[in-house]
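Please put together the full structure from these sequences, using the hints given.
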Amino acid sequence: MGKTPKVELSIPIIPDMELAATQTSEVVARHMGLSQEKSDEIKMALIEACINAFEHSKTEEGQVEINFVIDDNTLVIKVTDQGVGFDSNTVQIPKIEQKIKSDHKRGWGLQLIKELMDTVEFESTDEGTTVTMTKKK
Amino acid sequence: MSDFQVTVKEAGDVVVLTTDGYLNNIGGEKISEVCDSHMESGKNTFLINLEKTSVVNSIGVSILIEIIEKLQESNGKLAYCNLAPIVEKTFNIMGLTKYSTIYSTEEEGLSDLSS
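These protein sequences, in sequence, are chains L and B.
Letter by letter, the first sequence follows residues 0 to 136 of numbering that gives the first Met the number 0.
Letter by letter, the second sequence follows residues 0 to 114 of numbering that gives the first Met the number 0.
If you are wondering where the hints come from, they were derived from the structure by calculation, not from laboratory data.
Where a beta carbon is used, it is the ideal one built from N, C-alpha and C, also for glycine.
Possibly wrong hints are sitting among the right ones.
Straight-line distance between alpha carbons at most 20 Å, and here's what the computed EDC-like set of lysine to aspartate or glutamate pairs gives [unchecked claim]:
1. B:97 <-> L:114
2. B:51 <-> L:36
3. B:88 <-> L:102
4. B:76 <-> B:107
Just the calculated beta-carbon pair ranges, DEER-fashion [to be verified]:
5. B:40 <-> L:29: 15 to 21 Å
6. B:7 <-> L:5: 24 to 30 Å
7. B:114 <-> L:2: 55 to 61 Å
8. B:106 <-> L:120: 42 to 48 Å
9. L:118 <-> B:114: 44 to 50 Å
10. L:96 <-> B:41: 38 to 44 Å
11. B:11 <-> L:117: 43 to 49 Å
12. B:113 <-> L:2: 56 to 62 Å
13. B:113 <-> L:118: 21 to 27 Å
14. B:36 <-> L:100: 46 to 52 Å
15. B:53 <-> L:101: 25 to 31 Å
16. L:87 <-> B:31: 40 to 46 Å
17. L:8 <-> B:36: 35 to 41 Å
18. L:86 <-> B:35: 35 to 41 Å
As structure tokens, this is what we get:
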């Protein structure tokens, strides 16, 4: 095994296919010796990142690429789509008090990813988006 | 296709929904349909037992916010029990606990909601 083991996964844009990614993340987390709590946090963030990628997609025929890199004691996960892109700086932090009165109850994905992972970065153009998330052991 | 299941029973004035499977948008819609149906019959207290739902997504959970909003019209209550730690964490991040209650067990929930 290399110094920085890598797992690469490509999933189609099909409902619930994000669960294929979480099955992989569970195995990777177990290999790293991460706690169940951290493994579950990774799973939840990964679900949200995949769902966002699915929704950004220009078509249902695309694929979402997921890379897991074990860098020393840090798991780095990249979720990449070829979608329409977005500006993460313009996404408002959702508040349930506002959502209760709003017709738009959704929009929690980014907030969940930021709360559950140690770091989150976005690179996005109109050719696609890569979300890079990390979790320390 | 989603294999999310909801079974329903009534315990006095409390409608207990027991879920099984991944709470995604389809799962959320199934919960919503059950609640809507019972609200039309005058029920306004719901306890969702999530013991067999260890995985959720924010779209499914956001549908619970819709239910909370509807229940506000009748001064109703929405509660949950047997949450997996990550589900409870997700509910906390999304603020659901500001408008609904988490119980450890169904028995605890029924005892409190029926009092």
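Here's how the hints hold up against the structure:
1. B:97 <-> L:114: OK: residue 97 of chain B and residue 114 of chain L at ~18 Å, within 20 Å.
2. B:51 <-> L:36: Holds, because 18 Å separates the two Cα atoms, which is no more than 20 Å.
3. B:88 <-> L:102: Violated. Residue 88 of chain B to residue 102 of chain L sits at ~24 Å, over the 20 Å cutoff.
4. B:76 <-> B:107: holds, 15 Å
5. B:40 <-> L:29: 15 to 21 Å: Given about 47 Å between the Cβ atoms, the range is violated.
6. B:7 <-> L:5: 24 to 30 Å: violated, 46 Å
7. B:114 <-> L:2: 55 to 61 Å: For residue 114 of chain B and residue 2 of chain L the Cβ distance comes to about 60 Å; the hint holds.
8. B:106 <-> L:120: 42 to 48 Å: Check passed, 45 Å falls within 42 to 48 Å.
9. L:118 <-> B:114: 44 to 50 Å: Holds: the Cβ-Cβ distance is about 45 Å, inside 44 to 50 Å.
10. L:96 <-> B:41: 38 to 44 Å: violated, 28 Å
11. B:11 <-> L:117: 43 to 49 Å: The hinted range 43 to 49 Å holds for residue 11 of chain B and residue 117 of chain L, with Cβ atoms some 46 Å apart.
12. B:113 <-> L:2: 56 to 62 Å: The hinted range 56 to 62 Å holds for residue 113 of chain B and residue 2 of chain L, with Cβ atoms some 59 Å apart.
13. B:113 <-> L:118: 21 to 27 Å: violated, 46 Å
14. B:36 <-> L:100: 46 to 52 Å: Violated, at about 24 Å.
15. B:53 <-> L:101: 25 to 31 Å: holds, 29 Å
16. L:87 <-> B:31: 40 to 46 Å: Violated, at about 30 Å.
17. L:8 <-> B:36: 35 to 41 Å: holds, 40 Å
18. L:86 <-> B:35: 35 to 41 Å: Once the Cβ atoms are compared, 36 Å apart, the range 35 to 41 Å for residue 35 of chain B and residue 86 of chain L holds.
Consistency note: the structure conflicts with the earlier hints numbered 3, 5, 6, 10, 13, 14, 16.
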